[in-house]
Structures are given as structure tokens and as C-alpha cells.
Amino acid sequence: EAQVTQNPRYLITVTGKKLTVTCSQNMNHEYMSWYRQDPGLGLRQIYYSMNVEVTDKGDVPEGYKVSRKEKRNFPLILESPSPNQTSLYFCASSTEGRAFDEQFFGPGTRLTVL
Amino acid sequence: SQQGEEDPQALSIQEGENATMNCSYKTSINNLQWYRQNSGRGLVHLILIRSNEREKHSGRLRVTLDTSKKSSSLLITASRAADTASYFCATDAWSNNDMRFGAGTRLTVKP
Chain G
1 EAQVTQNPRY LITVTGKKLT VTCSQNMNHE YMSWYRQDPG LGLRQIYYSM
51 NVEVTDKGDV PEGYKVSRKE KRNFPLILES PSPNQTSLYF CASSTEGRAF
101 DEQFFGPGTR LTVL
Chain Z
1 SQQGEEDPQA LSIQEGENAT MNCSYKTSIN NLQWYRQNSG RGLVHLILIR
51 SNEREKHSGR LRVTLDTSKK SSSLLITASR AADTASYFCA TDAWSNNDMR
101 FGAGTRLTVK P
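For the record, the sequence lines run as chains G and Z. Per the working numbering, the first sequence starts with residue 1, numbered consecutively. Per the working numbering, the second sequence starts with residue 1, numbered consecutively.
Possibly wrong hints are sitting among the right ones.
To be verified - FRET-style restraints, in silico, Cβ to Cβ: (1) G/14 with Z/54: 26 to 32 Å; (2) G/107 with Z/7: 25 to 31 Å; (3) Z/51 with G/13: 40 to 46 Å; (4) G/102 with Z/81: 36 to 42 Å; (5) G/20 with Z/50: 23 to 29 Å.
Hints listed in this document are in silico derivations from the structure and should not be mistaken for laboratory results. We treat Cβ as the ideally placed atom computed from N, Cα and C, and that holds for glycine.
All chains should be built: construct the whole structure from the sequences, respecting the hints.
See below:
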């Protein structure tokens, strides 16, 4: 089944404790992206990647890191999480490495930073 | 910053009625997409309309795009309780490869 998976789905952590949220897609998509969703603000793009070893900042990259060593994986790293990073995070992927194609979204990761 | 802004923020209708949601954006776009999100879950793509298109249909969905007014509308005809969800428009531009989402319209369809 074609899908985007994220792990963990739920995470409660404390300020400053490094964490990684994994994202994997099995559709051989070139384009992958991370978003955060906060009430009243919709989805805001954190980072995106057009292909392996190519990453770019989105709207709200501060406090986040990403890597794209393999085509299928695009982990989101929070080196020193803070409470303002409490949010619902979505990973997405798209065909042909073009942002304007349909994006397939993962189920989301709800992160709480205490 | 957000590119698209949906209007209204919330909409409540009876089953069988039509639902219309609007999206306005600020800068020139390449494409505009509409997505649906059931509470707390991932977004699902509904329809994509390119900047050189004016109208597109998919089942009970009808999307229009007016690039001169920088706006789009999503019409859901003969709504069902299962259409209850949040709907987002998303835009991307020729100048970059990021995608901008609006804050969404929360649609409630009462049975």
C-alpha cells in the first residue's frame, strides 16, 4: 500500500532533550516536506527536500534540522526542543520532485514539549 | 507566512445543501490545490487547478480559479455528513518550491 509513515505518532518530552521524528515513504517520491500545524495558523512548512542530499528551508525552519540521505526517508530533528515547538507535525511526499503535484501526507505526530 | 486565506473560517449546513468555501492568496501562483483533513489526521488531496485553468470538476467537487482576483472557490454539492472536515487551500509559485497553506475552513454537515 502506498503510504507515508511517521514515528512516533505521539511524543511527550522535556525542554532540551534532543528528539527525532522519522518519516518514510514507499512511493519513490523525490519531493518530501515537513509541516507543523497549530490552531488558527493552518499548516506551515518547516523544511522540504527536492531529492537526496538537497534540502531547503520553508517558512518556519528555526529550531529544526532535516537530512535526506536516502530517497525514502526524511527525518525531522529537534536538537533542543522548546515548548513553542509543541505542535502537530506532518510529513508529506510528492511525485516528480515538483511541489505543485499532489502531496501525500503522513498520519501526523503530536509533540508536546514540557 | 500564510499565502492562502480561507473564508469562512467555519461553515455549518444541513445534509443535501451545497457548501462553498473561498480562498484568497497574495502572490502569483503556479497551481492551487484543495485538501481535506478529518479531525487530527493527515491531509488528503482533493483537486489541483493550474494557473491557466478556470474551472475543474471532480465528482461532487467544483473548483474555480480567478487569477485576476487571486481567489479560488471550492463548491461541494449535495453535501453529506461524511463531508464534515476542515478544508485547506494550498498554493505554490514559479519562483520557489515551497507550498503555502491557509488556515482552513471548518465544515460541519448536519444529518
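Here is how each hint holds up against the structure:
no.	hint	in the structure
1	G/14 with Z/54: 26 to 32 Å	violated (52 Å)
2	G/107 with Z/7: 25 to 31 Å	holds (28 Å)
3	Z/51 with G/13: 40 to 46 Å	holds (42 Å)
4	G/102 with Z/81: 36 to 42 Å	violated (26 Å)
5	G/20 with Z/50: 23 to 29 Å	violated (36 Å)
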